[in-house]
Amino acid sequence: MATQAIPTPTMHRRLWLEVVHDWVTTVDHKKIGLMYIGYALIFLVIAGFEALLMRVQLAVPNNHFVSPQVFNQLFTMHGTTMVFFVGMPILFGFGNYLIPLMIGARDMAFPRLNAFSFWISAFGGFLLYFSYLGGSGLYGAGSAPDVGWWAYAPLTMRAFSPGHSTDYWTLAILLSGVGTIGTAANIVATTLCMRCPGMKLSRMPLLVWLYLVMSGLVFVTISPLTAAQIMLMLDRYLGSHFFDTQAGGSAVLWMHFFWIFGHPEVYVLILPAFAFANEIIPVFSRKAIFGYPAMVAASVGIGFISLSVWAHHMFTVGMTAGANTFFVLATMAISVPTGIKIFNWLATLWGGKIHFTASMMFAIGFLFQFLIAGLTGIMLSVAPFDWQLGGSYFVVAHFHYVLVGAILFMLFSAFYYWYPKVTGRMLSEKIGKWHFWIFLIGFHLTFDFMHIPGLEGMPRRIYTYEADRGWMMWNIIVSSGAIFQTIGTLLFVYNMIWSYFKGDVAGPDPWDAWTLEWSTSSPPPHYNFAETPTVESRRPLWDLKHPDDPDSHYE
Amino acid sequence: MLRQVWSSIATQATSGLSSGSTSIFSPAGTPAHSVFSLSMLVLSITAAIFLVVGGLLFYVLLRYRHRPGEKDASQEPPQIYGSNQIELSWTVIPILIVVMLFLATARVILSTQNAPKPAAALDVTVIGHQFWWEYRYPKLGIVTANELHIPVSDPKHPTPTYLTMSSADTDHSFWVPRLAGKMDLIPNRVNTMWLDPEAPGLYLGQCAQYCGTQHAKMLLRVYGDTPAAFAAWVAHQQQKAANDSDNSAAADGRKVFQHTACISCHTVAGTVATGTFGPDLTHFASRDTLASGSVVNTPENVRAFVEDPAHFKPGVLMPPMHLSQHDLDAVTAYLMTLK
Numbered sequence: 001m002a003t004q005a006i007p008t009p010t011m012h013r014r015l016w017l018e019v020v021h022d023w024v025t026t027v028d029h030k031k032i033g034l035m036y037i038g039y040a041l042i043f044l045v046i047a048g049f050e051a052l053l054m055r056v057q058l059a060v061p062n063n064h065f066v067s068p069q070v071f072n073q074l075f076t077m078h079g080t081t082m083v084f085f086v087g088m089p090i091l092f093g094f095g096n097y098l099i100p101l102m103i104g105a106r107d108m109a110f111p112r113l114n115a116f117s118f119w120i121s122a123f124g125g126f127l128l129y130f131s132y133l134g135g136s137g138l139y140g141a142g143s144a145p146d147v148g149w150w151a152y153a154p155l156t157m158r159a160f161s162p163g164h165s166t167d168y169w170t171l172a173i174l175l176s177g178v179g180t181i182g183t184a185a186n187i188v189a190t191t192l193c194m195r196c197p198g199m200k201l202s203r204m205p206l207l208v209w210l211y212l213v214m215s216g217l218v219f220v221t222i223s224p225l226t227a228a229q230i231m232l233m234l235d236r237y238l239g240s241h242f243f244d245t246q247a248g249g250s251a252v253l254w255m256h257f258f259w260i261f262g263h264p265e266v267y268v269l270i271l272p273a274f275a276f277a278n279e280i281i282p283v284f285s286r287k288a289i290f291g292y293p294a295m296v297a298a299s300v301g302i303g304f305i306s307l308s309v310w311a312h313h314m315f316t317v318g319m320t321a322g323a324n325t326f327f328v329l330a331t332m333a334i335s336v337p338t339g340i341k342i343f344n345w346l347a348t349l350w351g352g353k354i355h356f357t358a359s360m361m362f363a364i365g366f367l368f369q370f371l372i373a374g375l376t377g378i379m380l381s382v383a384p385f386d387w388q389l390g391g392s393y394f395v396v397a398h399f400h401y402v403l404v405g406a407i408l409f410m411l412f413s414a415f416y417y418w419y420p421k422v423t424g425r426m427l428s429e430k431i432g433k434w435h436f437w438i439f440l441i442g443f444h445l446t447f448d449f450m451h452i453p454g455l456e457g458m459p460r461r462i463y464t465y466e467a468d469r470g471w472m473m474w475n476i477i478v479s480s481g482a483i484f485q486t487i488g489t490l491l492f493v494y495n496m497i498w499s500y501f502k503g504d505v506a507g508p509d510p511w512d513a514w515t516l517e518w519s520t521s522s523p524p525p526h527y528n529f530a531e532t533p534t535v536e537s538r539r540p541l542w543d544l545k546h547p548d549d550p551d552s553h554y555e
Numbered sequence: 001m002l003r004q005v006w007s008s009i010a011t012q013a014t015s016g017l018s019s020g021s022t023s024i025f026s027p028a029g030t031p032a033h034s035v036f037s038l039s040m041l042v043l044s045i046t047a048a049i050f051l052v053v054g055g056l057l058f059y060v061l062l063r064y065r066h067r068p069g070e071k072d073a074s075q076e077p078p079q080i081y082g083s084n085q086i087e088l089s090w091t092v093i094p095i096l097i098v099v100m101l102f103l104a105t106a107r108v109i110l111s112t113q114n115a116p117k118p119a120a121a122l123d124v125t126v127i128g129h130q131f132w133w134e135y136r137y138p139k140l141g142i143v144t145a146n147e148l149h150i151p152v153s154d155p156k157h158p159t160p161t162y163l164t165m166s167s168a169d170t171d172h173s174f175w176v177p178r179l180a181g182k183m184d185l186i187p188n189r190v191n192t193m194w195l196d197p198e199a200p201g202l203y204l205g206q207c208a209q210y211c212g213t214q215h216a217k218m219l220l221r222v223y224g225d226t227p228a229a230f231a232a233w234v235a236h237q238q239q240k241a242a243n244d245s246d247n248s249a250a251a252d253g254r255k256v257f258q259h260t261a262c263i264s265c266h267t268v269a270g271t272v273a274t275g276t277f278g279p280d281l282t283h284f285a286s287r288d289t290l291a292s293g294s295v296v297n298t299p300e301n302v303r304a305f306v307e308d309p310a311h312f313k314p315g316v317l318m319p320p321m322h323l324s325q326h327d328l329d330a331v332t333a334y335l336m337t338l339k
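Chains as they are written, first to last, in this note's numbering: chain U, 1 to 555; chain S, 1 to 339.
Hints are computed from structural coordinates only; laboratory data are not their basis. Where hints are given, some of them may not hold.
Here are a few chain S residues that face chain U, going by a calculated C-beta distance under 10 Å [unchecked claim]:
{"no.": "1", "residue": "81"}
{"no.": "2", "residue": "187"}
{"no.": "3", "residue": "234"}
{"no.": "4", "residue": "238"}
{"no.": "5", "residue": "265"}
{"no.": "6", "residue": "298"}
{"no.": "7", "residue": "315"}
{"no.": "8", "residue": "318"}
All C-beta atoms, glycine included, are put in the ideal place defined by N, C-alpha and C.
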């Protein structure tokens with residue numbers, strides 16, 4: 001996708017090498033954004049394929065499709081890839097592309113840091129997968145890490161994880177963390193310093209606000225993760241004993257380090273999804289976002305509260321009743337600002353004229369599924385309920401509802417919405433709607449029914465299960481949904497390629513939208529805006545289109 | 001594979017919720033019951049929220065969909081920027097729900113975690129290993145593996161079992177859904193939990209914290225015994241290992257067992273076998289299953305397991321001992337005498 005510019009009569013066709021050189025050396029935020037997205041989509045396909053293999057294995061009890069060793073590597077690689085090399089880069093890709101355009105800037109604050117962050121993260125991903133070749137080092141054939149994506153101590157100690165597979169995992173996370181911090185710093189600097197004249201913080205598009213909060217969270221959460229990776233390396237190579245329980249180290253210490261990263265990470269991933277919803281739902285409802293100040297406050301609130309909930313991943317590690325109670329309260333508290341967001345989106349739809357484009361359909365899917373994911377989240381926040389549900393397939397279903405049902409649906413929505421801006425061509429609405437319905441069916445087959453074996457006592461991360469437990473029927477349904485999701489995803493890929501060549505020409509503003517990126521051509525020129533725009537409200541293009549009734553009268 | 005699927009569905013349909021049930025919604029002990037009733041409260045509140053908000057969403061989508069045929073279809077709808085009163089209401093109502101849920105939750109946390117321990121309580125030490133369970137009854141002098149026997153508890157004279165839990169290697173988690181929620185076994189750390197089955201029977205579960213290659217077949221079997229049956233089981237387990245000298249095959253096997261590396265990892269009380277890395281085999285033949293609940297304890301399975309432990313459990317830490325066919329038969333015969 002988009003590896004070459006659309007040829008115009010005045011442009012000579014460039015050599016292949018020129019194009020590659022252009023992309024590799026670029027510091028343009030749009031190209032880096034697209035590289036982030038392309039890179040993440042490749043890993044999305046790889047990690048999705050890993051999920052498919054796992055679903056084949058689990059479809060029936062006592063299956064021998066893959067060995068336990070391979071299965072354990074599959075869920076480790078699937079989780080690690082999806083979080084660090086799909087979720088983060090794809091969201092950073094959209095942020096990179098959109099933030100300067102939405103605040104009327106010509107590029108990010110630090111273009112070369114931007115390129116560095118991308119390439120170092122990309123290197124991390126390649127290193128992770130290189131473990132398939134080099135994981136056992138000089139011992140012989142390779143092997144991927146098999147310690148789970150949380151890599152709980154002491155399973156990562158050399159006694160239990162010989163060879164180098166765990167080292168590849170650690171280094172991959174470490175590098176991805178460096179890139180993530182770089183991009184987060186860039187986003188904060190860009191939003192604080194590069195806004196066009198008139199764009200006060202209180203007029204900034206909500207998307208940019210959410211990316212600002214998300215980047216703030218990244219600073220606080222990636223640091224302990226990176227520190228923990230370094231400690232793990234010290235344990236494995238220099239004889240320290242942070243997590244080495246056999247020498248007096250603490251397994252629980254790793255859990256705290258990991259989850260003080262791990263839970264805010266969920267918000268790092270979902271805040272950009274909220275960000276897309278905040279732009280897309282108003283445009284297709286033809287109404288301004290309801291309660292802009294409350295939406296900003298709720299986002300910042302979620303950011304802060306999310307830093308105090310991590311130990312709800314640890315309700316079963318034997319914390320005291322007092323600690324458990326505290327984390328119950330903190331976790332439940334986060335449902336209040338989250339609820340405000342859902343209600344404000346509903347209020348935005350209320351009284352609007354809702355256009356059911358493919359983009360909007362995915363956004364509504366997001367809203368519906370995020371509601372359910374939030375409600376199962378409330379169940380899990382109830383510590384005693386979590387003593388039963390934690391570590392079971394119920395949790396797996398819950399967080400996939402967040403990651404697939406909410407984040408991936410919103411990402412699809414964002415693709416349909418911004419693809420015309422990026423390529424100058426519309427994605428096919430017809431294929432888009434097929435994609436939506438098939439993926440929706442697949443999603444609900446897989447992840448609705450996945451809750452049930454969890455309630456019936458099926459733990460996660462098992463490569464097979466006993467036939468007498470009554471879990472098989474549910475697992476067959478869950479696995480069959482994966483087929484629909486695969487077909488839906490293939491339709492999406494086909495749509496992206498077909499529309500790039502054959503799609504309708506989009507023009508600068510196909511959705512009659514209101515934010516600054518729609519005021520420049522599609523695709524935008526290298527310099528974004530011929531002259532720096534000036535804004536007087538949150539919806540500069542609304543003001544332009546309705547000079548009789550501009551937003552600035554009401555803010 | 002398709003035939004496997006259908007036969008399995010048929011078995012499930014005919015057997016219904018057989019003894020295999022591990023559903024958290026069929027509780028059989030106090031901790032599981034208190035989670036169950038709390039979960040009913042949580043489920044009804046969340047279901048109500050789902051109906052209200054989900055219903056609103058569908059109403060809005062139907063009511064406010066764009067109708068191209070209408071005469072003002074091309075006009076923008078009235079722009080509404082927010083309303084402090086309405087937004088306050090959907091902040092305050094969720095806060096009230098959260099406070100209510102929090103109080104109900106805190107009560108169950110305290111009543112389960114800080115329950116006073118009755119004098120009649122039984123103490124068992126549980127140690128998680130890759131990939132099996134070690135059970136020690138310190139006051140009764142019993143050491144066994146993989147099959148936990150505990151007395152049922154009469155609410156009038158409660159005799160709960162208190163588990164003191166740790167791990168010899170990686171993290172594990174003890175989860176028998178019908179009796180209680182799970183509790184992790186973490187090396188270098190001691191956790192506790194308690195069980196009080198209300199009816200005799202077998203309660204199944206399995207390790208719920210990924211612990212290594214064979215995590216999936218680290219199965220749990222908890223036998224809730226009547227007081228009489230439990231006393232009989234205790235008396236039996238306290239006996240020395242059987243030494244059936246009339247059985248020549250068994251005597252042969254005993255010799256093989258004691259002259260190979262078996263004894264470095266396994267204990268048979270009263271013999272030279274005093275290893276502690278693997279399960280205690282003193283009363284091995286009295287157990288229903290082997291390989292941590294993976295297969296039924298029959299001579300054929302025992303022989304197959306000793307010949308190649310990875311046959312049932314790929315990734316198991318017990319190595320194949322490369323015994324001759326004769327020695328395999330003999331060791332099997334010996335193990336089956338350890339009643």
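Against the structure, test the hints numbered earlier, and report the numbers of the ones violated in rising order.
3, 4, 5, 6, 8
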